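There are 2 protein chains.
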Amino acid sequence: MSKAIPASVTRLIEAFAQLPGVGNKTASRLTYFLLRAPDRVSENLAQAILELKTKTRLCPICFNITEEEPCALCADPTRDASQVMVVEEPLDVLAMERTGSFNGRYHVLHGVISPREGIGPDQLKIRELIKRVQTDGIAELILALNANLEGDATAAYIRGELEAASLRPRLTRLARGLPNGADLEYADAVTLTRALQGRQAW
Amino acid sequence: MSKAIPASVTRLIEAFAQLPGVGNKTASRLTYFLLRAPDRVSENLAQAILELKTKTRLCPICFNITEEEPCALCADPTRDASQVMVVEEPLDVLAMERTGSFNGRYHVLHGVISPREGIGPDQLKIRELIKRVQTDGIAELILALNANLEGDATAAYIRGELEAASLRPRLTRLARGLPNGADLEYADAVTLTRALQGRQAW
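The listed protein sequences derive, respectively, from chains A and B.
Those letters in the first sequence? Residues 85 to 286, by the working numbering.
Those letters in the second sequence? Residues 85 to 286, by the working numbering.
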């Protein structure tokens, strides 16, 4: 195998394979694509990777990725500062912004509590969230965490910390129920139970 | 959306999305992974991408990707120079070398004839192959092209060119039949037909 591949090719295959969801076969495909593509495709990609780290930082208020401080969302006076949506990842901000249905501010935790992966509350931006609630007059915290065990545990931890600090913003969570277009017949039991529990007057 | 993502993040997402099989969602995931990963992960990836182009070239004999001229496979005196396997892509060399079952040389065409994609014989290394057969005393050409229409058309074209040049190496193709572990019941009709036509004494 080493004879069939030059070292620089092996090196890029291995670098690609370190990315999440990229196995050895995909890494080879991407590498050989770049070998054939015009030089500017590789140069542009390499440049973009390098600039990503040098140009971006975390917003000191909401901890979303930004090039300016504070970020454009925190700096936007038309957004409701009294409503803060707590999310796990910057990608969640993106997903929510795409809907166009939310006009408040965000708070990015950068993960969830996960004993299995050794991630405790101190590695997340939870202390910063509590401080923000204390000082910024936040009326509602929308806990928009993933609908799984870690998301639930993290939400419970945040509620505990707010209570311990005698903070009482309105606490809400995203609704659980049938996803859009879902077929009742194929819905799993938990989803169906949650949809029933959360049923709404019509 | 532009407000939720800084320009440098958008730029990398767009650069990743130019890679084959990488859609917008995967591109976002890869980008946010690099944002969180240690700096050396990004630096290593960027460096590997840049070096890929500067360090590699095509072997002047077999047109496989190499850092030296000729490539390690062409330079290896223990490999049988009289047997040349014709493949479409450098990745095919890799796949064949992994089997450890072939000890001849290669010839990489860098594609197949595909009128649909505007690729004619002149864009492939077919002329170079014919010249190689003329000068290098090749006894057998194994046409190891993909088992599809374009592969078949390219094999037929190569046979025609060899005949036109009055060259008569032994011409062979990879066997068509059931893949290893296949269930007869689920095999498609073409595969089954080919497996029957190519049945072997046992």
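If you're looking for bench data, these hints aren't it; they were derived computationally from the structure.
Quick caveat: nothing in here was measured; it's all calculated off a predicted structure.
Treat the hints with care, as some may be off.
Counterexamples of contact, computed for chain A against chain B with all Cβ distances above 12 Å [to be verified]:
no., residue
1, G105
2, A121
3, A132
So, partial list: chain A residues that the calculated Cβ filter (under 7 Å) puts toward chain B [unchecked claim]:
no., residue
4, V93
5, A111
6, S112
7, L134
8, T150
9, E181
10, I203
11, L233
12, L246
13, V274
Okay, derived cross-link-like pairs now, PhoX-like style, lysine-lysine, Cα gap no bigger than 25 Å in a straight line [as the list claims (entries may be wrong)]:
no., chain 1, residue 1, chain 2, residue 2
14, A, K109, B, K215
15, B, K209, B, K137
16, B, K137, A, K109
17, A, K109, B, K139
18, A, K137, B, K215
19, A, K137, B, K209
20, A, K139, A, K209
21, B, K109, A, K139
22, A, K209, A, K109
23, B, K109, B, K215
No residue lacks a Cβ here, since even glycine has one placed at the ideal position from N, Cα and C.
Hint check:
1. G105: violated (7 Å)
2. A121: violated (8 Å)
3. A132: A/A132 is in fact no farther than 12 Å from some Cβ atom of chain B, at 4 Å.
4. V93: holds (6 Å)
5. A111: violated (11 Å)
6. S112: Given a least distance of 6 Å, the restraint on A/S112 holds.
7. L134: The hint holds - A/L134 has a Cβ within 7 Å of chain B, the shortest such distance being about 5 Å.
8. T150: holds (6 Å)
9. E181: A/E181 check passes; min Cβ-Cβ to chain B is 4 Å, inside 7 Å.
10. I203: violated (12 Å)
11. L233: It is violated, given that the least Cβ distance between A/L233 and chain B is near 21 Å, above 7 Å.
12. L246: violated (26 Å)
13. V274: violated (25 Å)
14. A/K109 x B/K215: Cα-Cα ~33 Å, so violated.
15. B/K209 x B/K137: holds (20 Å)
16. B/K137 x A/K109: Distance of about 20 Å is within 25 Å: holds.
17. A/K109 x B/K139: holds (22 Å)
18. A/K137 x B/K215: Given pair A/K137, B/K215 is violated - Cα atoms ~50 Å apart, limit 25 Å.
19. A/K137 x B/K209: violated (41 Å)
20. A/K139 x A/K209: holds (21 Å)
21. B/K109 x A/K139: holds (22 Å)
22. A/K209 x A/K109: This hinted pair is violated, its Cα atoms lying about 37 Å apart.
23. B/K109 x B/K215: At roughly 47 Å apart (the allowed maximum being 25 Å), B/K215 and B/K109 break the hint.
The structure fails hints 1, 2, 3, 5, 10, 11, 12, 13, 14, 18, 19, 22 and 23 (numbered hints given earlier, in ascending order).
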